[in-house]
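Asker: Got chain A sorted already, so can you dock chains B, C and D onto it with the hints?
Protein chains: 4
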Amino acid sequence: MPTILGQNQYGKAGVRVVRVIREGAVHHIKDLTVSVTLAGEFDEAHYSGSNSGLLPTDTTKNTVYAFAKERGIASAEEFGIELARHFVTSQPAVHRAGIRIEEHGWSRVENSPGDGGTGHSFVRTGRETRVSRIGYDGERWQVVSGLDGLTVLNSTDSEFSGYVKDRYTTLQEAYDRILATDVRARWRYSWASDATRAPDWDTSYGQARANLLRAFAETYSLSLQQTLYRMGASVIEGDGELDEIRLSLPNNHHFLVDLAPFGLTNDHEVYLAADRPHGLIEATVLRDGAPSLIPPGPGAV
Amino acid sequence: MPTILGQNQYGKAGVRVVRVIREGAVHHIKDLTVSVTLAGEFDEAHYSGSNSGLLPTDTTKNTVYAFAKERGIASAEEFGIELARHFVTSQPAVHRAGIRIEEHGWSRVENSPGDGGTGHSFVRTGRETRVSRIGYDGERWQVVSGLDGLTVLNSTDSEFSGYVKDRYTTLQEAYDRILATDVRARWRYSWASDATRAPDWDTSYGQARANLLRAFAETYSLSLQQTLYRMGASVIEGDGELDEIRLSLPNNHHFLVDLAPFGLTNDHEVYLAADRPHGLIEATVLRDGAPSLIPPGPGAV
Amino acid sequence: MPTILGQNQYGKAGVRVVRVIREGAVHHIKDLTVSVTLAGEFDEAHYSGSNSGLLPTDTTKNTVYAFAKERGIASAEEFGIELARHFVTSQPAVHRAGIRIEEHGWSRVENSPGDGGTGHSFVRTGRETRVSRIGYDGERWQVVSGLDGLTVLNSTDSEFSGYVKDRYTTLQEAYDRILATDVRARWRYSWASDATRAPDWDTSYGQARANLLRAFAETYSLSLQQTLYRMGASVIEGDGELDEIRLSLPNNHHFLVDLAPFGLTNDHEVYLAADRPHGLIEATVLRDGAPSLIPPGPGAV
Amino acid sequence: MPTILGQNQYGKAGVRVVRVIREGAVHHIKDLTVSVTLAGEFDEAHYSGSNSGLLPTDTTKNTVYAFAKERGIASAEEFGIELARHFVTSQPAVHRAGIRIEEHGWSRVENSPGDGGTGHSFVRTGRETRVSRIGYDGERWQVVSGLDGLTVLNSTDSEFSGYVKDRYTTLQEAYDRILATDVRARWRYSWASDATRAPDWDTSYGQARANLLRAFAETYSLSLQQTLYRMGASVIEGDGELDEIRLSLPNNHHFLVDLAPFGLTNDHEVYLAADRPHGLIEATVLRDGAPSLIPPGPGAV
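Residue numbers (this note's numbering), protein chains in the order written: chain A, 1 to 301; chain B, 1 to 301; chain C, 1 to 301; chain D, 1 to 301.
It is worth saying that the hints were derived from the structure and are not from the lab. Honestly, I wouldn't trust all of these hints.
Since the list can't tell identical chains apart, any single copy or any two copies may satisfy a pair.
[Stated by the list, open to error] Here are the simulated lysine-lysine pairs, DSS-like style, with alpha carbons at most 30 Å apart:
(1) K30 / K69
(2) K165 / K69
(3) K165 / K30
Next up, chain A with everything else stripped away, as it sits in the complex (with noise of 0.2 Å):
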């Protein structure tokens, strides 16, 4: 046989669940899109099309339905584990699952009816999407978290200098210029086995989005990958339980527009704010002495 099956897995993607909690007048929601991955013992059902061993991924569709209602979502972390646990302890051919959440934020409407100032009623809040991927093959827990879409801006105390020119390098030295980016983050817990205790993942999240935004804002930066830097060690540092995370970080540039010709100065003043391209600044960082197990993505050199 000229070729052999590699690497492969299956699931169901896009999963959303919302869970209501009714404490009286007064609700409390999770809302969640699950994607569910199983691999394992599965070559017949490419080779030959046998689906013996094989959970089919509605099975595992309706087994988030049920676990939000038997099991509750106290975090997006905790609902994976129970899922990822359930599907590798219960199904003999499955010996890993990955579980993959999107936490969709809600803030109560302030004002509303119920006790106390609180109630019924929400609103979608904030532009991130808070992500986790747990993984488990029976024995050991990977607990992937982060965030995606954190746009912020520097308007000021941001260089560019001193860099390589060559045939093809025409940009300027900028020595006060916008520094502004869309946060893509994942950050692995070193928390791996059900014998010591799981973190505090809400807590822990709040700290990490904390420590970004405070590391972009008071590095006074010579270059993206600098602020780069700062924002993960500031997340090392001040989490113990991180051991290692993955900063993707486009440099949305905002060019200074050239007013001369309208006989106008351009102080710092007016900025286009240019789509594509963009720059793609990628780093892991690492506590000393950690592996390095976030895979770099597909599009790492």
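Answerer: Same frame as chain A, but now just chains B, C and D:
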């Protein structure tokens, strides 16, 4: 000649401008996407390709940047008024100008460097986009402002019953359901002449947004139509300078998941958030006696 | 009462239906996204939440699927006519129905199994989407069909010169440029009554698409307005059953890259394809004497 | 120092270049979106903000345009090879370069002006995007090409049965269902050295696409996994220069609509095309003995 030219217009869409104001170490930013549309005596551009009288769209783009410097951006509406006036009064062939603006909201990063806890670091905030459309024909103004993408959800206090049942009806009546929508609102100001004082645009926007949220939260809903009407009426009643509002509300269905096959009850706890299809409710609410001038859109029956 | 209800409508958007016809081993498919909009006596749904007289949007969805079986889908237009007629004639409160349809094109996979080289395997084809909107008030029909996203480019035979220069003009005149756009077209049929024979919708669509392409290709363009007019006129002139066409053409700018800093000349060889901002040219072309009934859209000045 | 830098890279994403070749009145165009990624000795840019050794991303953008002129674009792969070689060999700090290219397809408008029925008018064609990623470390090449968004559907010859049933399984076995997917494929060439002749990239692409379509159409499918394997194997078997292919196939569910409530039977005629959730099947197919080098992506379990 068997064919003739009908209504026509031209312009530039998607001009991205960021304006920075520096008060010492404390900066302020405005981030807009501006589109310019011009109409007037442009028949010959269509019939013969004669461009005499036609201001290039590239020039309208330049004007946006130059005005951001020369006039500043006090609010989206005031900026649009300056631009529309300029094109109509300076170009003989332009009889009518329309300026559409999307304003992208930024919050200051808390505890960032600078005087008094403020500074130069910003994070994009809110999921909705503030929009405005300013029209001017040399005599009268028409300002229609609003918002897109304000996503809200009530986890109770919504029913749907008493409707018509025909041969194709299978829907069960619901006495306690989730009601969720993405508010698209457009409100029209009665202000139309330079002879009278213009509204305080920012205050008006804040009031309208708050009234939309409050009416959504406080209405015990028998139909999304009823909620829509109360939302619209609350905006008109809350601001004497508004004459008309158009609301377009998708009904973002949340279906109670049937957990009975798994031996579980689902007492309004676990919902499937559906994408498509969705309901779509659209209506205009008018101050009694005011004309209806906001077009219902090409989708109107 | 200080506020009143204005124009209103409701319905279901985004109903996805695929219809398969089996002729032995040779299958045929139609793939549509259907939206239903109803208007009529629905004031009380808004004022008091009374749903008597209101057909649920869920029922309109069911009707789409049932009609796909009962009536089949000869063409998007014929299917929409069946649906619109049904809602207006069967529901007393419905005075007007609008059916919007997007048709997704599929080609047969060549050399696939089945009789005579055809079979049951299909690949999505074309980048444009065929669209139609059917309106009915119980007496008269209005059918507006068209397409979205037909992307075309001429690599020469386009100029832009002779325009107005003001203080803000920096654009250089161009005597040989790329002209590129994404055609959005809506054409209106004069057919309005069951007493006369309806057009052959599929033939008409094919002619209109071919005429748009040919006029774009064959026009030596002095402005995109001129090209637009010729495209519109060619569609009206080519089909006696059409009275009006509305075209919305973004000017997808392709800028000649300045290679002089690298010691290279750029003789109309290397272009930067820009995203934003883009020009936007919109106009209606009418058969002489016909009324203009296609709304120019909310963006019109 | 508690944290250290891990894998890192930087570059420019989304460079849009259109190259026109004029053969008299007959023109040819190439339309690419190019991204450049560089890795090497850039630790100090992260640690201290020192940019010495760092080529600006703006320069990489300029290089794309200059090379489009100087070297031309024979194919996406050849263009990427030229670029990667340039960055690695001309910049001492760059140890590895990756060039990702999306190629946007255009067809000639039939019967357009010019010699022999060809000319200068083009229409975007096909829904899929051809992609390639070229990696170079100064010694060895790795070329992974493929496509995104090839949407296919079989209206019969697909079953799904014989799977595991657990407490959460409600899916009914299906013996005649629609099978539909959006093919995402990445195939790796064994070519790695300048000492051997490179593949004919365009011919190879056409073969791979045709083989994917044929295997999808001709496989009587017992599972999407089986179809995937046959598609992958057909590409590897059909081109001796390919060692590995990674396929990612969403299962675009088409549900048979229950028409029984309306007194209608549905004999595999009317389907609901669902958006979310969808199945997702991913696997690598290898030439026996070849290494697996295409990363399965961050979503892999």
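Asker: A separate judgement is required for each hint: does it hold in the structure or not?
Answerer: To see whether the hints hold, each was checked on the structure:
no. : hint       : in the structure
1   : K30 / K69  : within (12 Å within a copy, 39 Å between copies)
2   : K165 / K69 : between (61 Å within a copy, 20 Å between copies)
3   : K165 / K30 : between (52 Å within a copy, 29 Å between copies)
When each numbered hint is compared with the structure, no violation occurs for any of them.
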